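Student: Each chain is listed here by its residues.
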Amino acid sequence: MQTIYTLTQTLVDGLLIGGIYAVISIGLSLVFGVMHIVNFAHAEFLMIGMFVAWYAWAWLGLDPMLGAFLALGVTFLLGMGMQRVLIKPILAAPQVAQIFLTVGLLFALENAALLLFGADYRSVSTPYQTEALSLFASGGERIIVPYAKLFAFLMALGLGASVWLFLQRTRTGQAMRATAQDATAARLMGIDTDRMYMLAFGLGTGTTAFGGAVILPYITASPTVGSQYVVLMFTAVVLGGLGSVAGAVVGGLLVGLIQSFSALVLPIQLQNLILFVIFIAVLALKPEGILSRRTG
Amino acid sequence: MTALLEIAGLSGSYGQGEVLHDIDLQVGAREFLAVIGANTAGKSTLLRAISGLLPQVTGRIAFDGTDITALPANRIPALGIAHVPEGRHVFPMMSVEENLRMGAYALDDRRRADRGIERVFGLFPRLKERRRQLAGTLSGGEQQMVAVGRGMMLEPRLLILDEPSLGLAPMVVEEMHDRLLEIHAEGVAILLVEQNVGLALDCADRAYVLASGRIELQGPADELARDDRIRQAYLGI
Numbered sequence: 006m007q008t009i010y011t012l013t014q015t016l017v018d019g020l021l022i023g024g025i026y027a028v029i030s031i032g033l034s035l036v037f038g039v040m041h042i043v044n045f046a047h048a049e050f051l052m053i054g055m056f057v058a059w060y061a062w063a064w065l066g067l068d069p070m071l072g073a074f075l076a077l078g079v080t081f082l083l084g085m086g087m088q089r090v091l092i093k094p095i096l097a098a099p100q101v102a103q104i105f106l107t108v109g110l111l112f113a114l115e116n117a118a119l120l121l122f123g124a125d126y127r128s129v130s131t132p133y134q135t136e137a138l139s140l141f142a143s144g145g146e147r148i149i150v151p152y153a154k155l156f157a158f159l160m161a162l163g164l165g166a167s168v169w170l171f172l173q174r175t176r177t178g179q180a181m182r183a184t185a186q187d188a189t190a191a192r193l194m195g196i197d198t199d200r201m202y203m204l205a206f207g208l209g210t211g212t213t214a215f216g217g218a219v220i221l222p223y224i225t226a227s228p229t230v231g232s233q234y235v236v237l238m239f240t241a242v243v244l245g246g247l248g249s250v251a252g253a254v255v256g257g258l259l260v261g262l263i264q265s266f267s268a269l270v271l272p273i274q275l276q277n278l279i280l281f282v283i284f285i286a287v288l289a290l291k292p293e294g295i296l297s298r299r300t301g
Numbered sequence: 007m008t009a010l011l012e013i014a015g016l017s018g019s020y021g022q023g024e025v026l027h028d029i030d031l032q033v034g035a036r037e038f039l040a041v042i043g044a045n046t047a048g049k050s051t052l053l054r055a056i057s058g059l060l061p062q063v064t065g066r067i068a069f070d071g072t073d074i075t076a077l078p079a080n081r082i083p084a085l086g087i088a089h090v091p092e093g094r095h096v097f098p099m100m101s102v103e104e105n106l107r108m109g110a111y112a113l114d115d116r117r118r119a120d121r122g123i124e125r126v127f128g129l130f131p132r133l134k135e136r137r138r139q140l141a142g143t144l145s146g147g148e149q150q151m152v153a154v155g156r157g158m159m160l161e162p163r164l165l166i167l168d169e170p171s172l173g174l175a176p177m178v179v180e181e182m183h184d185r186l187l188e189i190h191a192e193g194v195a196i197l198l199v200e201q202n203v204g205l206a207l208d209c210a211d212r213a214y215v216l217a218s219g220r221i222e223l224q225g226p227a228d229e230l231a232r233d234d235r236i237r238q239a240y241l242g243i
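One line per chain: the protein sequences are Y and X, in this order. Per the working numbering, the very first residue in the first sequence carries number 6; after that it's consecutive. Per the working numbering, the very first residue in the second sequence carries number 7; after that it's consecutive.
Any given hint could be a false lead.
Said to hold, decoys possible - Which stretches of chain Y does chain X cover? Using the computed rule of at least three CB atoms under 8 Å from a CB of chain X, they are: (1) 171-181; (2) 186-194.
As the list claims (entries may be wrong) - Computed, partial: chain Y to chain X, Cβ under 10 Å: (3) Lys-93; (4) Ser-167; (5) Asp-197; (6) Asp-199; (7) Ser-249.
Just so you know, these hints were derived from the structure itself, not from any lab. The structure presented is a predicted model; accordingly, all values stated were derived computationally and were not measured. Ideal Cβ positions, reconstructed from N, Cα and C, are used throughout, including at glycine.
Generate the whole structure from the sequences, applying the supplied hints.
Tutor: The structure is reproduced here in structure tokens:
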């Protein structure tokens, strides 16, 4: 039997990584929710975020937790530019064209990264990297919370909350939600929907890049790092309901917890097996996502 | 009389095939104007052309003396034109109050929006009861109230309505038209497209009859209501 310590540790591990999945999925969900485009290249912005944070650390000596803000800014601008040049012309195109474009963008970005940054794995060293909080220690048992994961989790939480507040409370955020829900009506309200699409894409790519930057202390950066996250990201977004920010958070946390708990019963190499079984079950039984509310 | 909205020689299309041909139409300040016609006559297209939602337009549309023909849709509301689209188009995942506040987006003035909310709740007390409810969960009639109320949030000089009674129960239709008359009495010009021809002619000062994208007939609403051609074609009498 598992002890209460093992179970708690598993829960903590799942939440810590789930928080990261949540913040990177928010970006993907935002882009889909506002533009109704499935961006297959989205995980590449996580990779770009990691490299921005890595260079900020290597050249400027910035801790990745601060470099994350730089990554957010750079990819926000990059995302807006890409939306303007590449995505905007195909917004009204058939879905096939959109898929070709974003899949093509995935390969283009990955290879551009290979060309620019080289194939080396890049990691940072920070003072807190090898430190951990030890909680409820008694006898040989304790709950370990590595600082690197804790900081990344808290940063992700902070950004997720900020994005949520932006969407709920600010005039631009409300206009973005209106555009997502009914673009024609939004234009009739006087909302510049083209500007909203651009901002949403920038915010989406920036949020995901931020999530990439904060995990740099415990995940090494490489041009192909995005591929490790792309499927998890899509799973989280579909579990929570495509296009919903709250859904992406719940979906992200769920993916983290499922991965973590399945490692208790299955070998670690199979940690995604249960996840995908649940994913397929959700697609079959409740394809609109587990958090969606039906509207008339 | 100088017209508030003046349309001259307007033709328009969605890309292939012209759907509006050489339309001349005026709406006076404080006038209640109805546009009637069969289902595919181009009534909605005409309204979309005014609001900047029609991709290809030639001719001239002027509002209060300003040429708005080439303005993009999102620049139109700030001039004082509110368009309540066919099918209501409420924001389904926003509350009733959030929907109304979006109607005042172009005003960008919190205090005027607060006053607007109270005015709309006075017009449709039902919406006050439902202010926290998601608009997507409302009945069709309530959604139409949200759509009209959202239009009124702009403090418009011209309120454009596209089939506000479509799919609503007869009692709700009556109530909606009473509210439109109330709005008109406050001094707002109204341009109403309506498939319920009897009701439209009953409310309006003047009316235009649109057929196959052309103006076929126009005149005072009470005269049109007595016109045999109208009675036969649209009123079934």
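Student: Can Y:Ser-167 be said to touch chain X, with a Cβ gap under 10 Å?
Tutor: Y:Ser-167 check fails; min Cβ-Cβ to chain X is 20 Å, beyond 10 Å.
Student: Is the hint on Y:Asp-199 kept, meaning its closest Cβ partner in chain X is under 10 Å away?
Tutor: With a minimum Cβ separation of about 9 Å from chain X (threshold 10 Å), the hint on Y:Asp-199 holds.
Student: Closer than 8 Å Cβ to Cβ for three or more residues is the test here. Does the segment 186-194 of chain Y pass it with chain X?
Tutor: With 8 residues close enough to chain X, the hint holds.
Student: Measuring from the C-beta of Y:Asp-197 to each C-beta in chain X, is the shortest one below 10 Å?
Tutor: holds, 5 Å
Student: For the segment 171-181 of chain Y, do at least 3 residues have a Cβ located nearer than 8 Å to some Cβ of chain X?
Tutor: That given contact holds, which follows from 3 residues of the segment 171-181 of chain Y lying within Cβ reach (below 8 Å) of chain X.
Student: Next item in the hint list is Y:Lys-93. Is there a CB on chain X closer than 10 Å to its CB?
Tutor: violated, 14 Å
Student: Close enough to count: is the Cβ of Y:Ser-249 nearer than 10 Å to one in chain X?
Tutor: Hint holds; Y:Ser-249 Cβ to chain X Cβ min 9 Å, cut 10 Å.
This entry does not satisfy hints 3, 4, going by the numbered hints stated previously.
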